[in-house]
Amino acid sequence: MEKTTWMAFAAVVKRSIAYTIALWSITGSVHAVAAGANQKTIVIGTTNPLTGVAASACKSVSDAASAWFDMVNDKGGVNGYHIQNKVLDDQYRAPQALANARTFVSENVFAVIGGCGTIQPPAIYKVLERAGIPYLFPYASLKELIDPIKPSTFALLPLYGDQMSGLLRYVAKGEGAGSVYGIYTKVPNVEEAIDENRSAAQSAGMNWEGHQIITPGATDFTPIVLRLKEQNPDYIVINTLEADAGRLFIAMRAQGWFPRRVLGTSAISSGSAIKVLGKDLDGKVLAVSPTVPPGSPAAQACATVLEKGGIAVNGFSLYGCGIAQVFVHALQSTGSEPTRKGLIQTLESWKDEVISPLLPPVSFSRNDHMGERRMFVVGVKEGTPAVEGTVDITNGAVAN
Amino acid sequence: MGLFFGTLVSGIAVGLLYGLLAFAIVFLFKTTGVANFAVGSMSTMAAFFVFQLISASILPLAWAFVLGLLGAVALGAVLYGLAIRPRDDAGTINLVIRTIALYLLLFAITNRFWSEGQPFAFPSLLPVGTLIVGDVAIPYHAIGILAVAAVLSIVLACFFRYTSLGLQFLAMAERPEVARLLGVRTRRLSCLAWALSGGIAAIVGVLIAPMSLLSSDMMDTFLLFAFTAAIVGGLTSLFGAFAGGVVVGCLSNLTIVYAGQDTATVVIFLLLVGTLLLKPEGIFGSPEIIRL
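Residue numbers (the numbering used here), protein chains in the order written: chain A, 1 to 400; chain B, 401 to 692.
The set of hints was computed from the structure by calculation and includes no laboratory data. Heads up, none of these hints are tricks.
Taking lysine to any residue and the SDA-like style, the derived pairs with C-alpha atoms no more than 20 angstroms apart in a straight line are:
| # | chain 1 | residue 1 | chain 2 | residue 2 |
| --- | --- | --- | --- | --- |
| 1 | A | K275 | B | S455 |
| 2 | A | K275 | B | S457 |
| 3 | A | K186 | B | D620 |
| 4 | A | K275 | B | G529 |
| 5 | A | K275 | B | G517 |
| 6 | A | K275 | B | E516 |
| 7 | A | K279 | B | P610 |
| 8 | A | K279 | B | P527 |
| 9 | A | K275 | B | Q452 |
| 10 | A | K275 | B | A521 |
| 11 | A | K275 | B | V528 |
| 12 | A | K275 | B | P610 |
| 13 | A | K186 | B | A659 |
| 14 | A | K284 | B | G529 |
| 15 | A | K186 | B | T663 |
| 16 | A | K186 | B | T621 |
| 17 | A | K275 | B | A456 |
| 18 | A | K381 | B | A521 |
Please read all numbers here as calculations on a predicted model, not as lab measurements.
The whole structure should be built from the sequences, with the hints applied where relevant.
Dropping the structure here:
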């Protein structure tokens, strides 16, 4: 009797183990194929300064992306999936960004997208790479993100040094060579950016007259302008914070002096620095921008969504909207069962992919994870930023 | 020579702004014995308040400024009442640390509620344009700052010299215990001193914002230079605050032009340390005499 009972019990145990293994393998395989995605929702993460000193500029990047995702969800989502964007505050602090990244890893999000600032990405991309989580398009100009190539990390914003070099070649071809003086904010790799710009200017036949590195937040830009006025270069390259660019423009106007052109990176193309002097800057400023400027008809779709969400339309929010469009487009192309690997393959297959009128065509490859090789050239007309053309920043050629 | 004189003019203009802020610090220090680290934040908050009134098209600039000035005066009095007056016998270090806390608090409030989208273009109360004298361009804004500083100094000098209240302030600044014994209501005067300091901070904020762009941190560097000006001029000398400001402004701007911005920062803080070591009472201050 006891032997029969024992054999029956063993049979039950064996069947239970078999069922458990079978169940495990089914759920495990689903989990592996679509990490971060259940049948209805794709969960992505964003670590961004929502509070603290950088929040005033950066918060709109994630707000705008979330607003675009909400609009897409309202229209039925992407291939039946809704996108849930979990935004965590990093207060522009690397340790907090790292903690957020670890949270995203533990929650097994599908991807981490956006964010704004240069100090956070170095802290988090390694954690995300180890977990195989795509890290996409932070608003950061950082060589480390793309050189050497990381399998899951993709950038959209070109390095400031490359931006300026492309613009210098563009201006030399279009408006003639001349003398150039550079003003730079003290940031990591600034010396490298200066060397690149100097080489670009000289190879375009321009005369590099020197440069100055400034500390952000100077009380008075008049002495800097007085020195520039004395030297009187044809072009001034500014690679500074937007606020400092605005202060420089104010000091130039106060001294009654402007160079032929002030050339700027995407840091000044958003409009705040330009709004400072309005029409006084007409024809005097050229900057490169990853998106069309606010007020451009090509930005209308984003502007409508942003205004509906009470989000100011500026360079930062348009960038946030743009990266959301890129992500949605990539997800759409990846198919009905999206996986991280599939997403990466989709991105790497793009050559001059047209996403929306807000952005120039985007290209990635296995050996190049920098998406924008073309940027909009933005000037000032009637006191507002306006697109004057598109430049290939690798060679300064007019791109359209 | 144009470069030199142009730099000197700009140094005097920005130096007077340092001097005005230093004056607010020295005035409060003389009358209450407290160095107010929150004066920069008070200045920023006043400028933001004016900006909100203009942006909402509630008032034109001049009236918005008047209301902002009154608001800043009230803010000064409120800050005294809430943060300084309670346990005001707790000692100088305690009170100074309270002003640092106030600086952080006011900065956090401004940043939290008003900073989104900053920096902002702030309209100028003074005319925009440039006067050309020889080969020197003198912005009207700089002339305006000189005029405001001159008027304010004359008004305050007359106030201290020819009014009963002004004399009471001076008495309190020299001998607060004796003044109290003689019936001077020192706490009421301290409140008035904070209120007046708030008003001066508002004027400085509205003068600085058009050239620096309005942002929650626009006064941070100004405050450092203002404290340097106050130390160099003498923490016990109201005139010294202006003189110290001009010295700091001119030295800083000349060094930036001829040696670069980083060198200028080193020079200014060497000046600060040098003053503290060699003449701690400042150029125009009086050494403190303690009777044993």
